[in-house]
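Chain by chain, the residues run as shown.
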Amino acid sequence: MQMANKSDFFKMLTIAASSEFEDVPNEKEIEHEFSKSFDKKTKKIIKNSQSTFKNSKTLKRVAAIFTASLVILSASTIQIDSLETMFYSFFVNDYGEYSEIDWSGEPSVIEKFIEEETYIPTYITQGYEIDLFDSGMFDTIILFRDEYKNTITFHQKVLGGGKSNYNTEDAELRKTYVFEKEALIVERDDELIYLVFRHDGFEFAIAGIISEEELIKMAESIELVNIQEYKQANGFD
Amino acid sequence: MLAFYQTLIEDQTLKIEFEHIYHNYKNQMFYVANSVLKNTHDSEDVVQETLASIAKNMKSIANLSDEVHLKNYVLKATKNRALNLLPKRKKAKELIDIDTRYDISDDSFLDKICDNHEYDEILDAINSLKSTYKDSLYYHFVLGYSAKEVAIALDEKVATIKQRLVRGKKKLIELLVEKGFDANGE
Chain A
0 MQMANKSDFF KMLTIAASSE FEDVPNEKEI EHEFSKSFDK KTKKIIKNSQ
50 STFKNSKTLK RVAAIFTASL VILSASTIQI DSLETMFYSF FVNDYGEYSE
100 IDWSGEPSVI EKFIEEETYI PTYITQGYEI DLFDSGMFDT IILFRDEYKN
150 TITFHQKVLG GGKSNYNTED AELRKTYVFE KEALIVERDD ELIYLVFRHD
200 GFEFAIAGII SEEELIKMAE SIELVNIQEY KQANGFD
Chain B
0 MLAFYQTLIE DQTLKIEFEH IYHNYKNQMF YVANSVLKNT HDSEDVVQET
50 LASIAKNMKS IANLSDEVHL KNYVLKATKN RALNLLPKRK KAKELIDIDT
100 RYDISDDSFL DKICDNHEYD EILDAINSLK STYKDSLYYH FVLGYSAKEV
150 AIALDEKVAT IKQRLVRGKK KLIELLVEKG FDANGE
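Chains as they are written, first to last, in numbering that gives the first Met the number 0: chain A, 0 to 236; chain B, 0 to 185.
Hints in this document: simulated from the structure, not taken from any laboratory.
Errors might be hidden in some of the hints.
Here are the computed lysine-lysine pairs in the DSS-like style, where the Cα-Cα straight-line distance is at most 30 angstroms [to be verified]:
| # | chain 1 | residue 1 | chain 2 | residue 2 |
| --- | --- | --- | --- | --- |
| 1 | B | K170 | B | K129 |
| 2 | A | K148 | B | K70 |
| 3 | B | K55 | A | K35 |
| 4 | B | K58 | A | K10 |
| 5 | A | K5 | B | K169 |
| 6 | A | K148 | A | K216 |
| 7 | B | K58 | B | K147 |
| 8 | B | K129 | A | K39 |
| 9 | A | K180 | A | K156 |
| 10 | B | K147 | A | K27 |
| 11 | B | K169 | B | K147 |
| 12 | A | K5 | B | K147 |
Which stretches of chain A does chain B cover? Using the computed rule of at least three CB atoms under 8 angstroms from a CB of chain B, they are [stated by the list, open to error]:
| # | segment |
| --- | --- |
| 13 | 10-22 |
| 14 | 26-34 |
| 15 | 188-194 |
The C-beta atom is built at its ideal place from N, Cα and C for all residues, glycine as well.
Extracted from the complex, chain B is given alone in its bound form:
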């Protein structure tokens, strides 16, 4: 019986969580989409598409630990979908070629970044990153999503996200080096 209730609660959570998103974020989703598109009709379409995508991926979304992450997930997913409708972005999406020459493992990246620099310095460096890199790093490292999961959330190709992760890690290390941080921690 306990197992049954556990299953029940888990399943219920998905539905409750989805309705929570719908009731608490649909206006903000519209606001974010409309800030990008300046078009009510297109913005409503973006909100709808994002809600549909969220509904399909509730299992990974339901694992988000708090409201800050949930809000980030929902609004970033909306914003990225809106950006993808812009003609300039559409073109850029076609040109994906993963450059893995500078790729480093996540552990190695974290070792290079952490324990060797000041808090404010790294915060400045993160804030200097382009939002596409910042977002990919956030989804991957903070939310623990794979490149595929990030791609689903942001409606991007997996290759695009892999590229952003490679470049984002590289760029962050470069920024810290520019600020005087030795990437080898010396």
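Chain A with its partners taken away, still in its complex shape:
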């Protein structure tokens, strides 16, 4: 005879509660194509849900904080004239404290989301190792650290609206090239340097206290990988 205790009782309730879904096929075995309106509405729900997570930061804010510099600012709150510079394929509006990059001249990518695959840099500056990985529909963030706790942040994001703001106070902006397309280098007084570029309909920012050459080398090493497999391989599952 096996007598039950409270823990057994909870286990039994769990078994009983789970049994009704035993026959539900695995997620990937269910062949249902959701209607276009479902996808549209659900994306809206997910977008709105970001503000529902009361204390949460959006991923782009998180990325900004990780780099300690890429602070996303609201252009509408700061009324100063900008120095508009065209970098052939995009505009940089330099407001002094921050700069707005306007990709809207590029093909629209507003509806493109990160799904099963994301880009990752296959080349990492020597001495750095992956420390954090996070990928969602709107962003992928990878944080690399060296033994002195210096960081390099890699950020892939959906170009909703086609504009991004970066903290460029006391910084020098200049043009460079990634995959033979114009990109932006921001070099700040505090030695932090970041590279902003667009590829395959996404915006990327790589930031760290490393050389411009290293940033570009990392940028041009990006490759698409399966998110789950990458997570597993790097112990983030």
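Fit chain B to the given chain A structure using the hints.
Same frame as chain A, now just chain B:
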């Protein structure tokens, strides 16, 4: 700085968890809803409503300890929403009157159930319960949810859930008595 990172991780978890649910359960949610409603359009609506409710309640959902509980939460929430669309269920929802005459405290209930009977006997009794009672007991005792939290998860009135908990506890004790278990443990 550490405090900042802790906050960051906590907040991030909610978002990651929500996206995990969306990517890993939306087809199963549809399957469950469609099994009840047999209507693609209504089933997609149910999935959407359930996702919206989940998004609003991520803080309590993120505390679920493992994938089994997460799956149960998501699919039960979906199924109950689908059931609530059925005309028969809609009517029944109007008739809620909590009968507290047989209510016993959770501690007293657990004392009566545990340590006085065989494992298989109680498992049989649980399996004999109606799923509405079984689910309410599961949410309350295993997931540790209050009646209000269960009501939010299942899209029911708090009074309905309180009623199900009272009746579920009573029914389980009755079933064990019928099977020869003395509720007083004698």
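Hints, verified against the model:
no.: 1; hint: B:K170 - B:K129; in the structure: 9 angstroms, holds
no.: 2; hint: A:K148 - B:K70; in the structure: 38 angstroms, violated
no.: 3; hint: B:K55 - A:K35; in the structure: 23 angstroms, holds
no.: 4; hint: B:K58 - A:K10; in the structure: 24 angstroms, holds
no.: 5; hint: A:K5 - B:K169; in the structure: 17 angstroms, holds
no.: 6; hint: A:K148 - A:K216; in the structure: 21 angstroms, holds
no.: 7; hint: B:K58 - B:K147; in the structure: 14 angstroms, holds
no.: 8; hint: B:K129 - A:K39; in the structure: 37 angstroms, violated
no.: 9; hint: A:K180 - A:K156; in the structure: 18 angstroms, holds
no.: 10; hint: B:K147 - A:K27; in the structure: 33 angstroms, violated
no.: 11; hint: B:K169 - B:K147; in the structure: 20 angstroms, holds
no.: 12; hint: A:K5 - B:K147; in the structure: 23 angstroms, holds
no.: 13; hint: 10-22; in the structure: holds (count 10)
no.: 14; hint: 26-34; in the structure: holds (count 6)
no.: 15; hint: 188-194; in the structure: violated (count 0)
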